[in-house]
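**Q** Each chain, written out:
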Amino acid sequence: MRSQRQRLAYILLAPLALFIGALTLYPTAVTTVEAFFREYSLVNNHNFVGLKNFHDAFSTPAIRQSFVNTGIYVLSGTVLSVVLGIAFALLLRQRSRWRAPLLALVVLPWALPPVVEALLWSRIYDPTFGPLNGVLKSIGLISHNQVWLGSNRWEALVLIELVQVWQTTPLCVLLILAALQLIPSELYEAGAVDGASAWHGFRYITLPLLRPGITIAMVAAITASLNIFDQPYILTGDASASASVGVQTYLVSFQNLNFGEGYALSLIMTLATAAISLLVLRLVYRRVEF
Amino acid sequence: MGLALVVPGLVLLVAACGSSGSGSNSSSNNSAPAVNLKHPGGSITVAVAYPSPPPALLQQFTKQTGVKVRWVNVGWDDLQSKIVAASTAHSYFADVTDVDWSKTGEYYKLHWFYPLNRYFAISTLSGQMPQLSSFVDNGQLVGIPMDASFMVSTMNTKQFTHAGVTKAPTTIAQYTADLQKLKSSGVNPHPLNIPLQAQEGLSTYWYETTAAFGGHVLTAQHKAAFTSPSSPGYKALAWIVHAYKSGLVPPGNINMADVASLTSNMAHGMTASSLSEYSGDLATIYDIPSNSSVVGQVKYVSTPTASGAPAPNLGNPDGVGIPRTAHNVAGAVAFIKWLDKPSNQALWAGANGGKDAITGFPLPAQKNATAILASSLHGKSGIGDLSQLLRDSQPVFQNGAPPWYSQFSNAVYTNVHAAAAGQESVKAAISAIAQVVNQNAP
Chain A
1 MRSQRQRLAY ILLAPLALFI GALTLYPTAV TTVEAFFREY SLVNNHNFVG
51 LKNFHDAFST PAIRQSFVNT GIYVLSGTVL SVVLGIAFAL LLRQRSRWRA
101 PLLALVVLPW ALPPVVEALL WSRIYDPTFG PLNGVLKSIG LISHNQVWLG
151 SNRWEALVLI ELVQVWQTTP LCVLLILAAL QLIPSELYEA GAVDGASAWH
201 GFRYITLPLL RPGITIAMVA AITASLNIFD QPYILTGDAS ASASVGVQTY
251 LVSFQNLNFG EGYALSLIMT LATAAISLLV LRLVYRRVEF
Chain B
1 MGLALVVPGL VLLVAACGSS GSGSNSSSNN SAPAVNLKHP GGSITVAVAY
51 PSPPPALLQQ FTKQTGVKVR WVNVGWDDLQ SKIVAASTAH SYFADVTDVD
101 WSKTGEYYKL HWFYPLNRYF AISTLSGQMP QLSSFVDNGQ LVGIPMDASF
151 MVSTMNTKQF THAGVTKAPT TIAQYTADLQ KLKSSGVNPH PLNIPLQAQE
201 GLSTYWYETT AAFGGHVLTA QHKAAFTSPS SPGYKALAWI VHAYKSGLVP
251 PGNINMADVA SLTSNMAHGM TASSLSEYSG DLATIYDIPS NSSVVGQVKY
301 VSTPTASGAP APNLGNPDGV GIPRTAHNVA GAVAFIKWLD KPSNQALWAG
351 ANGGKDAITG FPLPAQKNAT AILASSLHGK SGIGDLSQLL RDSQPVFQNG
401 APPWYSQFSN AVYTNVHAAA AGQESVKAAI SAIAQVVNQN AP
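Going down the list, the sequences are from chains A and B. Our numbering numbers the first residue of the first sequence as 1 and each following residue consecutively. Our numbering numbers the first residue of the second sequence as 1 and each following residue consecutively.
Check before you lean on any hint, since a few could be wrong.
[Said to hold, decoys possible] Restricting the straight-line Cα-Cα distance to at most 35 Å, the calculated cross-link-like pairs of lysine-lysine (DSBU-like) are:
1) B:Lys427 / A:Lys52
2) B:Lys82 / B:Lys63
3) B:Lys183 / A:Lys137
4) A:Lys52 / B:Lys158
5) A:Lys137 / B:Lys181
6) A:Lys137 / B:Lys82
Think of the hints as simulated: they come from the structure by calculation, not from any bench. All values derive from a computational prediction rather than experimental measurement.
Chain A with its partners taken away, still in its complex shape:
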């Protein structure tokens, strides 16, 4: 009886496994192999070249810079998204009649396609007509219109990251809020009886018990930031000062037709995503039982 059930489970899982295998595992395997072959479309050869594609990629200043940029996006994006995620989740945990509309409002940026968001923010940052200049002028922070994107690398990185955080935070809010709602209220009541302040409750009850939710939120934010593409591509075009590895992979592969380097960069990013996610799981995740 049990083996029949197991067989049925395998049969039911088979289509999905095939789907994943065909669309994920096979291309990943091919990419892994091809990253070590010459794959420059304009050159008629297909030879094993070892680490040459990786070496060539890292010899290009724009690609090296894109790794630094992506590192900045990952660090700042993850920290900000998770911190804001915790803050909003704590706010939304309070039961009030505003909770549902607030939740819908917070989730909205996550529901919009990233391209639409990037286009929207490009209007906000517009130096001539953008509302950002208008608001800052009206409160006296600037005296004349500023060019926000393109003229200063760090400014561009911060503003692009802001858009990314705006998009990633809602997912973090949802993940952390779900974890937050699992914490039994009795724990806080017991803490209050023992004289614990609100801060103590947060520090010694909420944060430790939120670790599984925070871990998943961190992994989601890291994955999104490592693969950031829409925001830098739409807000600053192909400018290497703020380009991510995703943008450079696109340019190397689909513009320069150097698929070997493209495969190599994709492989690096896949491995980096897996490694960093595993590291976060190991360092942050703790099994929680109530």
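For this one, chain A is given, so just place chain B on it according to the hints.
**A** Below, chain B alone, put in the same frame as chain A:
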């Protein structure tokens, strides 16, 4: 995560579909198939960066040939990615698609498109199509011009006159001085339009500015011709950067692409002149009241040059070709012949007013069609000036675009942008662009 996942996803998908990756030079057979052009029939997909002409006109074509047309309008940049992804993966996506002038060398080398010599005679067409050579590589016709786009200079004559400049400048020095005059007189604080976002439009601006300084960016052998400080390419780049830093160009242009700068700046009088923009902008942007607040004010002018002698206006036409993965080659050939018919070309460019025009279509590819258009427009929207400028237009590269053009252009616009933004010097930008040329040039 939208496009964020699309990029590695596309790379992976290409890996899956065409595991040899490039698929380049894999076809030993370069010849196009024999086709029955009398009754091709069937259906075709046309993927181009232009909106469709009115359905009634397409239905006329279907009636004549039995070929049903599915017209897909894809943005130019997205279309290039689509062509690369589909061709690399050897998958069908269209029977007729865009062949940009800059891609001829690349496509010739990669054999992604059928050579069209079997269906179109170069000797017959070259007399009628002044920009045909941009689509020929080693005697092979990779595409057929769909339009006759070329780079032109424009001036808002009202603003220039207001600042006391009544005569179009013929030299770069005079042009710069006139722009300074507009700025200092308060007529326009930032009179010069240069789209400085790191995009293709910035590369073409540099090519035309280099022509204005009296040269080409690459030699006939595709070697760098811009590394010496006394070369036209070097001077052109330095001029662009200086124009931005001295405030002649609006500060916001550092992150503005070509079309956006024309439709928002030039079309609303926020800039007064462009050294390099696209032929046809008067008829399709500035003289259309719903798009513009400078109707009748902007004129085409001869591009000012370093020497004062007339500059060549460099061609950047879009063409069409037949990918090797096309399903209906006969239908595709019949369609291209119909698309390029002089009477139809004149319609696309607005001979019948906006009714049958293709939005954004610059100028007909055929001289006969330009003549029809000129007589229909009665000299309006600078058509007479354009016809004259078209006669003197030249290809950007003397021997066609190099096969590694995309890589070159990417180096051009990222480094010109970085130099203007103050992230690197003119010398460093020139050196970075030259490095790409040296890596690729034979």
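**Q** Determine for every hint whether it applies to the structure shown.
**A** Results for each hint:
Distance restraint check for lysine 427 of chain B and lysine 52 of chain A: the Cα-Cα separation of roughly 29 Å lies within the 35 Å cut-off, and the hinted pair is therefore satisfied. The straight-line distance between the Cα atoms of lysine 82 of chain B and lysine 63 of chain B is roughly 30 Å, inside the 35 Å bound, and the hint therefore holds. For the proposed pair lysine 183 of chain B and lysine 137 of chain A, the alpha carbon gap of about 24 Å is at most 35 Å, so the pair holds. About 58 Å separates the Cα atoms of lysine 52 of chain A and lysine 158 of chain B, which puts this hinted pair outside 35 Å; it is violated.
Simply put, lysine 137 of chain A and lysine 181 of chain B have alpha-carbon atoms about 30 Å apart, close enough for the 35 Å limit, and the pair holds. The hinted pair formed by lysine 137 of chain A and lysine 82 of chain B fails the criterion: a straight-line CA distance of about 43 Å is larger than 35 Å.
The structure fails to meet hints 4 and 6 from the earlier list, while all remaining hints are met.
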